[in-house]
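Novice: The primary structure of each chain is shown beneath.
Number of protein chains: 2
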Amino acid sequence: MMWSSCRSGAIGSGLCVFSRYRITDSFLYRYSLNGYPYKLHHGDWFGGKSVGLVILKVQGIIVHVYVTHLHAEYCREKDDYLPHRLLQSWELGQFIRHTGKTADVTILGGDLNMHPNDLGNRLLQCYTGMKDSFVETKKFEGSEGGCTLQAQNCYATVWDCPSFPSGIRIDYVLYKGSRGFPVKCDHLMTTSGTAPGKNIPYSDHEAVCATLSVQKDEGAATGAKREEETNPQLVDILNEARAEVKIGIHGAERIRYSSGRMAVLGFVLLLLEVVMAIIPLVTTTAENSFPKVSFYILGMVAFAVTLLAGILYVFHTIEVKMLQGTEDQMRNTIQALQEQLGE
Amino acid sequence: MMWSSCRSGAIGSGLCVFSRYRITDSFLYRYSLNGYPYKLHHGDWFGGKSVGLVILKVQGIIVHVYVTHLHAEYCREKDDYLPHRLLQSWELGQFIRHTGKTADVTILGGDLNMHPNDLGNRLLQCYTGMKDSFVETKKFEGSEGGCTLQAQNCYATVWDCPSFPSGIRIDYVLYKGSRGFPVKCDHLMTTSGTAPGKNIPYSDHEAVCATLSVQKDEGAATGAKREEETNPQLVDILNEARAEVKIGIHGAERIRYSSGRMAVLGFVLLLLEVVMAIIPLVTTTAENSFPKVSFYILGMVAFAVTLLAGILYVFHTIEVKMLQGTEDQMRNTIQALQEQLGE
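So the protein sequences, as listed, match chains U and P. Just so we're aligned, residue 5 is where the first sequence starts under this note's numbering, counting upward by one. Just so we're aligned, residue 5 is where the second sequence starts under this note's numbering, counting upward by one.
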């Protein structure tokens, strides 16, 4: 048994892979954005959410196993983290595409924190060409609809209980084969309810277990691993994603502006205080009539506001930059796809 | 002409690629560590240093062009950023290895902020199998020793002028071919001195211009792109790098400990103040004899110290985690290499 864990963030990314087969190589990519450090009650930022890759050789077949955990969705109606999760989906797809070109078999397992038809999920599957094992499996056993987040789980916080009484499917096993290595999902299973002999479940989510089979076809394995197929649907999905990322940019710019204004106000107040403190020292006629206690408190408050608002300004500037970069990349990809489709 | 720029950090990564040939795809990896945000006078942190990849198709040859800028070296004798730069070299090498498997030709250009024989440079070249165009070129024109950082440059801050009077070579063009696509460096050039007709140079560093030629050998192009050669030297270099990263971990743990202690002290002081403020309110006998001004100032200071030291604690915890993760990865790689060499 080999294992590979992924240290990241302040408390760790929570990703770990245990393997019966030798792990020949590994790599970690930390998402550019992952929530806000000041949202302590959500806490995703502190996890340093990432995607890990381990490369296995199983009976001569090169298998790339990706494992990830995307930012949680706390409120579906007003999802502040949608742009971050979309950026993560995009970076995840890019990471898989760029590192997975020589893989015979590609598998992604993880808590994507997205419903099956959510934009990020469609983007990921369409962009990478990976298939959802729940949709493809020949045989399924487990919870209704494959739901892995269930209200009856004592550790889970289902934010949208009323809308989804039977739970939500947010944990996935996606896969794709390549030329000469077609992959099928023979069996998919989720745990359900409490662990045997206990009155508590294994975890806050139900576990997902997929049995995949590879039919090695030596004859077809020569040449390019896989055709770079251009899916016309991808253009629409990317346009939709780009619109959402743009909304995210506006939101981030708004917070950046507020933080910047607050920092400037704090700084002006601080300057005023300094002037007020200096005047009685340099003149003999003027007298500082302002109460001392209030004066000092105001000074400290001004200092704290300037500093904290300044830090926030830098943080949200990074957020804006990262979202803009993602939007740039999406726009370039759309252009390239349209040119390919036009040819 | 196509171009691709890389938005990252608060002020941008400063990376940009202009290409005569169509850029078919691009990808960006931001390094896990990149200095400290509170070292404002160094400022590297705000750049969000990254490595960018653009994929070109030049006359049917797939060319991966990587572009990067690593953390600066401000003091060679006591280089606080060595562990960060080593981590960046390691991640750069991993990024090139994992994303470059299908490339016919791989090129890396960038300001590596490392001397030619520095550990990070040796690690990068040995791990990726890339060659230094300055060493390999048939013909060289330009500044003495290919030095790109020169004391006489009016924009440059050469921190180690006395030790390196003719300058330092810190900007590189590295390359490698693949089976069927051997690459040679025909010509290397650096700019030197001021721009023609002006009395200022083009930039703070001399520019590097490499002319590479690819001799396509169709016969040999079948099969694996390149043999996964195991360089026995790599084990020694990795051990050396691991030792440096470990020193970095100790350093980061020390600062984390100091920050944590400061945060706890600040918090205890804050609690004491709260108690002192409450006592006169609940008892009639006690009297608050502590001067009011000092009392409030102390409270504000305690609050600010707790908050800032807390933020520093989280930041340095992330630093420790990232360095530990790198050390883990290096150890695993050493193990895998030793097993391969043993076989």
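If you are wondering where the hints come from, they were derived from the structure by calculation, not from laboratory data. Where hints are given, some of them may not hold.
Identical chains blur together in the list; that is why a pair holds if it fits in one copy or across any two.
Computed list of lysine to any residue pairs in SDA-like fashion (alpha-carbon distance at most 25 Å, straight line) [what the hints assert, rightly or not]: (1) Lys296 with Leu275; (2) Lys188 with Phe144; (3) Lys43 with Leu275; (4) Lys43 with Thr321; (5) Lys61 with Gln342; (6) Lys220 with Gly184.
Novice: Run every hint past the structure and note whether it holds.
Specialist: Against the structure, the hints come out as follows:
no. : hint               : result
1   : Lys296 with Leu275 : both (17 Å within a copy, 24 Å between copies)
2   : Lys188 with Phe144 : within (13 Å within a copy, 56 Å between copies)
3   : Lys43 with Leu275  : between (31 Å within a copy, 24 Å between copies)
4   : Lys43 with Thr321  : both (17 Å within a copy, 18 Å between copies)
5   : Lys61 with Gln342  : between (37 Å within a copy, 18 Å between copies)
6   : Lys220 with Gly184 : within (6 Å within a copy, 27 Å between copies)
The structure fails none of the hints (numbered hints given earlier).
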